[in-house]
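K.L.:
Sequence:
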Amino acid sequence: MIKILIVEDENLIRKGLVHSIDWLSMDCLIAGEASDGLEGLKVIEETKPDLVITDIKMPLMDGIEMLQRASEIWDFEKVILTSYGEFEYAKKAIDLDVFDYLLKPYDEEQLKKLIERVRVKIKEKRRYKEFLASVKDDEDFNLIKPDSYIKEQQGTSKQVKSAIQYIIDNYAEKIKIEDVANYLAVSSSYLSRKFKEETHHTFHDFLNKYRIQKSIELLKEGDYKVYEISYMVGFNDYKHYATVFKKYTKLSPKEFLRKR
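Quick note: the sequence shown, position 145, residue 183 per the numbering used here, numbers continuous.
These are computed hints drawn from the structure, not numbers from a lab.
Predicted model, so just to flag it, every value in this text is computed and none were measured.
Under the rule of at most 16 Å between Cα atoms (straight-line distance), these lysine to aspartate or glutamate pairs were calculated in the EDC-like manner:
id: 1; residue 1: Lys252; residue 2: Glu211
id: 2; residue 1: Lys292; residue 2: Asp135
id: 3; residue 1: Lys86; residue 2: Glu110
Hey, can you work out the whole structure from these sequences and the hints?
P.N.:
Next up, the structure:
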């Protein structure tokens with residue numbers, strides 16, 4: 039069941055959303071309602087909804103500020119109610135990772151389609167949470183064990199061991215397989231083939247896994263912002279880091295932090 043909070047200062051619109059929609063048929067329930075952003079923030083803290091549908095221009099606190107502040111304490115999906123005249127103002131909410139916008143006066147069929155889409159996303163997020171809950175200890179996030187190739191594997195050649203050590207020593211820098219091949223005085227094609235044969239990873243995959251593993255260690259320490267960590271482990275672009283992080287952990291960096 040998806041818990042929904044409606045925040046709207048126009049009583050007729052708010053009550054219409056709360057009472058005239060067959061929420062149960064969409065596997066949803068109304069967890070609460072509020073007539074301004076300040077009350078909405080309080081209800082978010084109390085009810086911890088999966089989805090907040092909110093107007094923007096409201097007394098005491100507007101919808102954007104409410105979403106900003108609420109996002110610091112709870113992870114939820116956001117749908118903004120807006121009129122044509124407010125749409126430019128609504129765009130300020132793009133940085134808040136808003137799921138979608140609903141124009142007033144809303145169309146019930148359009149609303150139902152929107153709810154179905156957001157419901158799919160919420161269920162995906164719940165699966166991620168279940169995945170994290172199933173993690174018993176840090177070994178589950180030990181994506182790669184470079185030392186095992188260097189110290190334990192009998193079948194690992196000197197060149198591949200040296201390449202792995204190069205990754206350990208230089209993962210925070212820009213690294214290409216050509217750089218490592220030059221360092222080892224071998225061809226990049228030879229090193230690429232040997233690396234894949236002996237580790238069962240491409241050089242690029244091994245490097246990225248090690249970088250993400252090191253970033254997880256830094257995330258757990260809690261001393262740095264996520265975007266700072268992305269640069270500290272060798273990524274030049276935060277969005278690329280987040281994409282790679284999710285590829286290997288099934289979570290975004292921010293989701294990982296929220297669930298720890």
